[in-house]
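S.K.: Single-letter residue listing:
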Amino acid sequence: MSIVEVQSAKKFYALGKTTVEAVKGVSFAIEQGDFISIAGPSGSGKSTILNMIGLIDTPTDGEVFIQGRPVGRLRDREITRLRHETIGFIFQSFNLIPVLTTKENIEFPLLLGKNNKITKERRDYVDFLIEQVGLSDRQKNRPNELSGGQRQRVAIARALVTKPLIVLADEPTANLDSATGDDILALMRKINQDLKTTFIFSTHDAKIVELADHIIRLKDGLVTENYKRAGA
Amino acid sequence: MGTTLKIAVRNLVQHQGKTFIVGGLISLGIFLTFIGNSLFESAAQGVKQGYTTSVTGDLMIKARSDRPFNLFGSEDFSLDAADAIPVLQNYDQILATLRSVPQVATFTSVISSYANLNFEAQGQALDLEDMDRGDPMFGIDPDTYFKTFPGVRVLEGRLLQAGERGIVMSRTRLDQIAADKKIVLKLGDEIHLNAFSETGLKVRVVPLVGIYQFQVPNKGFEGVSFVDLQTLRALGAMTIGTPDEVKLDASTQSILQTSSDDFFSDKVASVASGRRVDFGHILGDTANRDRLQTIDEGSWHDILIRLKPDSDIPGTVAALNTSFEKNHLPAVAVDWKGAAGFLAGMTDVAQVLFNLVILLLTVVAVIIIVNTLVISVMERTPEIGTMRALGAQKSFVRRLFITETMVLAAFFGVLGLGLGALGVMAIDQLKIPIENDALQLFFGATDLGAHLSLGQVTLALFDTVVIGVVSWIYPVSVALKVTPLKAITTE
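Residue numbers (the working numbering), protein chains in the order written: chain R, 53 to 284; chain D, 5 to 495.
Treat the hints with care, as some may be off.
What the hints assert, rightly or not - DSS-like mimics (lysine-lysine), calculated; alpha carbons at most 27 Å apart, straight line:
{"hint": "1", "chain 1": "R", "residue 1": "Lys62", "chain 2": "D", "residue 2": "Lys151"}
{"hint": "2", "chain 1": "R", "residue 1": "Lys69", "chain 2": "D", "residue 2": "Lys485"}
{"hint": "3", "chain 1": "R", "residue 1": "Lys280", "chain 2": "R", "residue 2": "Lys172"}
{"hint": "4", "chain 1": "D", "residue 1": "Lys490", "chain 2": "R", "residue 2": "Lys166"}
{"hint": "5", "chain 1": "R", "residue 1": "Lys259", "chain 2": "R", "residue 2": "Lys242"}
{"hint": "6", "chain 1": "R", "residue 1": "Lys215", "chain 2": "D", "residue 2": "Lys52"}
{"hint": "7", "chain 1": "R", "residue 1": "Lys172", "chain 2": "R", "residue 2": "Lys242"}
{"hint": "8", "chain 1": "D", "residue 1": "Lys22", "chain 2": "R", "residue 2": "Lys166"}
{"hint": "9", "chain 1": "R", "residue 1": "Lys271", "chain 2": "R", "residue 2": "Lys215"}
{"hint": "10", "chain 1": "D", "residue 1": "Lys52", "chain 2": "D", "residue 2": "Lys330"}
{"hint": "11", "chain 1": "R", "residue 1": "Lys215", "chain 2": "D", "residue 2": "Lys223"}
{"hint": "12", "chain 1": "D", "residue 1": "Lys22", "chain 2": "R", "residue 2": "Lys271"}
{"hint": "13", "chain 1": "R", "residue 1": "Lys69", "chain 2": "D", "residue 2": "Lys490"}
{"hint": "14", "chain 1": "R", "residue 1": "Lys259", "chain 2": "R", "residue 2": "Lys271"}
{"hint": "15", "chain 1": "D", "residue 1": "Lys151", "chain 2": "R", "residue 2": "Lys166"}
{"hint": "16", "chain 1": "D", "residue 1": "Lys151", "chain 2": "D", "residue 2": "Lys206"}
{"hint": "17", "chain 1": "D", "residue 1": "Lys22", "chain 2": "D", "residue 2": "Lys312"}
{"hint": "18", "chain 1": "R", "residue 1": "Lys192", "chain 2": "D", "residue 2": "Lys10"}
{"hint": "19", "chain 1": "R", "residue 1": "Lys172", "chain 2": "D", "residue 2": "Lys10"}
{"hint": "20", "chain 1": "R", "residue 1": "Lys62", "chain 2": "D", "residue 2": "Lys490"}
{"hint": "21", "chain 1": "R", "residue 1": "Lys169", "chain 2": "R", "residue 2": "Lys248"}
{"hint": "22", "chain 1": "D", "residue 1": "Lys22", "chain 2": "R", "residue 2": "Lys169"}
{"hint": "23", "chain 1": "R", "residue 1": "Lys192", "chain 2": "D", "residue 2": "Lys22"}
{"hint": "24", "chain 1": "R", "residue 1": "Lys69", "chain 2": "R", "residue 2": "Lys280"}
{"hint": "25", "chain 1": "R", "residue 1": "Lys215", "chain 2": "D", "residue 2": "Lys330"}
{"hint": "26", "chain 1": "R", "residue 1": "Lys169", "chain 2": "D", "residue 2": "Lys185"}
To be verified - Partner residues aside, some chain R positions facing chain D, computed with beta carbon under 8 Å:
{"hint": "27", "residue": "Ile55"}
{"hint": "28", "residue": "Gln59"}
{"hint": "29", "residue": "Ser60"}
{"hint": "30", "residue": "Ile108"}
{"hint": "31", "residue": "Gly124"}
{"hint": "32", "residue": "Arg135"}
{"hint": "33", "residue": "Phe141"}
{"hint": "34", "residue": "Leu163"}
{"hint": "35", "residue": "Leu164"}
{"hint": "36", "residue": "Phe180"}
{"hint": "37", "residue": "His256"}
{"hint": "38", "residue": "Ala258"}
Keep in mind the hints are simulated off the structure, nothing from the lab.
Here a beta-carbon is modelled for each residue, glycine too, at the ideal position from N, C-alpha and C.
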């Protein structure tokens, strides 16, 4: 069973009196442990598809399945719970909570579900992630005291703290310098390999596309290419 | 510290500008409400203490009437003699009812009237400007009156004694006469009193036997003079004339309906010729008139009652009225405010107006607070959307904003309350003198007082909670509409 399946998904937006067809009917499947790149030029629909997979946007037509479960008819409360338990997000603009420190930002998703106690095991895992992203000496700093790369590392650790099956990363290197971008990608690749976490990137960064083992190319809201590299 | 409280407090600290605008409004509102209501409460207490210990007692019994009367007379300010206070009927039965009420500590009956002071004896011509309603005069039974009202302090001379003719006037009134008329009245001086009644002008002369001052001064009643009963009943034409309705025959009624002009026309039937009418006999016999003008020594206007400490005034009033109804007695009991009239209720009216103004200001303040919080929510759209994307349910977002608003309201509300309490204590310590007569009347005191009361503290805290709750409703609804998608699309 695919961990994510998109079936004939369409997404239309009303823009004044006209309708913009962001996604015109795409279908694909993603397997557990994939390091997948959804690539394409600006306006091709990659962010929209990522949002639909991440359950923060709904298709106008078609269906998205997470672990074989159709999500179209779920209520807000169920969608939120599914998102919390299954998906981690790495946003292009980091989207850290400004009043929380590095450690508190990483811990934050743990405080949201029904099981919201910070146990020793969870605390140890938070410390492990902080160490993995190289922010041990920045634990008590707030986002405005961190560099762009450090913020992105916090966002990665936060995305992983609930041990999600899927991590969605929207242009994760877009706001980073080249060296920091390389470091971040290496880190995500390592986590993908170590924890079998599925990483889905929306990007037009050639480096990410090169690194991915499953590539979906989009153009004008349609899939133009969908392939896995040999050995993936 | 819980996550929501931590985020709420840090957000308030982070957005200091907005926090101080919103918090400042809350503090100012609570401060003004607290100070204002403490002043009004002090004023209300002063007015109540003044009236109840000096003139009205805790409650009063008066004759039942269709027209509004209080201890000082008609409440419609009419100069018409017909508006004289109605006399209590079935007085003995009323007293019997009163004596059966266990809450009653002491009571006294009074005649209340008005008389003009005539200074012709002091060489001053009658001034038409003086012919207004006159000075308030209480005809009293000294034995019971001064037991019921121990707040009357003798400055010179003595209080009236049982059976003694005379007048006791207040220092305030005598000072006023000295200032206005340049007449200094001394003990023993004869005071000429004029009063109009249903039976025409009455004049009585009484000696000034004492000068008094109320222990709790109040401009509303400081002009009252205490006069012996006989004098005041005479001035008020309180005679033994029967109140019974008389049936007149048709011919007598036709004479009464004849206008004075008709007496000089042919319309009035003339007396048959040859018949002699002895006008001298008819007009010369004044026995009936004299009998009807005998002072009615059993007539009273009001009974003033002091209750035992901590008695329930409204409950006692209700019990008395029930008893009067049951026994068909044409009397009605009213509390001290009903006895004192509109002047005593002025503080209450002003307090209601003040609180209406405060309520309006609160509405304006809440609108400003709501707008500020909504702007804050909009600015924090990415933050809220991110929380939702990471798995925060709407209930978490709602809790976060409620906590934030309540922390803000509680902190600044308590701050306003603290400042208000300091202000109240400062006002009470400073004893700022009140020079203005109207303000003295309003505050029921000669210096400004403000009392710190548990009721006011509770009210202020209640206001804080209400402001907090009302203020978060709309901003929270805006916050709940923020979707995770907005977190991504909003920079």
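S.K.: For each hint, tell me whether it holds in the structure or not.
M.R.: To see whether the hints hold, each was checked on the structure:
no. : hint                : result
1   : R:Lys62 - D:Lys151  : 95 Å, violated
2   : R:Lys69 - D:Lys485  : 24 Å, holds
3   : R:Lys280 - R:Lys172 : 40 Å, violated
4   : D:Lys490 - R:Lys166 : 25 Å, holds
5   : R:Lys259 - R:Lys242 : 16 Å, holds
6   : R:Lys215 - D:Lys52  : 72 Å, violated
7   : R:Lys172 - R:Lys242 : 25 Å, holds
8   : D:Lys22 - R:Lys166  : 33 Å, violated
9   : R:Lys271 - R:Lys215 : 32 Å, violated
10  : D:Lys52 - D:Lys330  : 30 Å, violated
11  : R:Lys215 - D:Lys223 : 80 Å, violated
12  : D:Lys22 - R:Lys271  : 46 Å, violated
13  : R:Lys69 - D:Lys490  : 22 Å, holds
14  : R:Lys259 - R:Lys271 : 19 Å, holds
15  : D:Lys151 - R:Lys166 : 74 Å, violated
16  : D:Lys151 - D:Lys206 : 31 Å, violated
17  : D:Lys22 - D:Lys312  : 55 Å, violated
18  : R:Lys192 - D:Lys10  : 15 Å, holds
19  : R:Lys172 - D:Lys10  : 21 Å, holds
20  : R:Lys62 - D:Lys490  : 20 Å, holds
21  : R:Lys169 - R:Lys248 : 25 Å, holds
22  : D:Lys22 - R:Lys169  : 33 Å, violated
23  : R:Lys192 - D:Lys22  : 26 Å, holds
24  : R:Lys69 - R:Lys280  : 40 Å, violated
25  : R:Lys215 - D:Lys330 : 83 Å, violated
26  : R:Lys169 - D:Lys185 : 88 Å, violated
27  : Ile55               : 18 Å, violated
28  : Gln59               : 21 Å, violated
29  : Ser60               : 21 Å, violated
30  : Ile108              : 4 Å, holds
31  : Gly124              : 16 Å, violated
32  : Arg135              : 6 Å, holds
33  : Phe141              : 5 Å, holds
34  : Leu163              : 5 Å, holds
35  : Leu164              : 4 Å, holds
36  : Phe180              : 19 Å, violated
37  : His256              : 17 Å, violated
38  : Ala258              : 23 Å, violated
The structure shown violates the earlier hints numbered 1, 3, 6, 8, 9, 10, 11, 12, 15, 16, 17, 22, 24, 25, 26, 27, 28, 29, 31, 36, 37 and 38.
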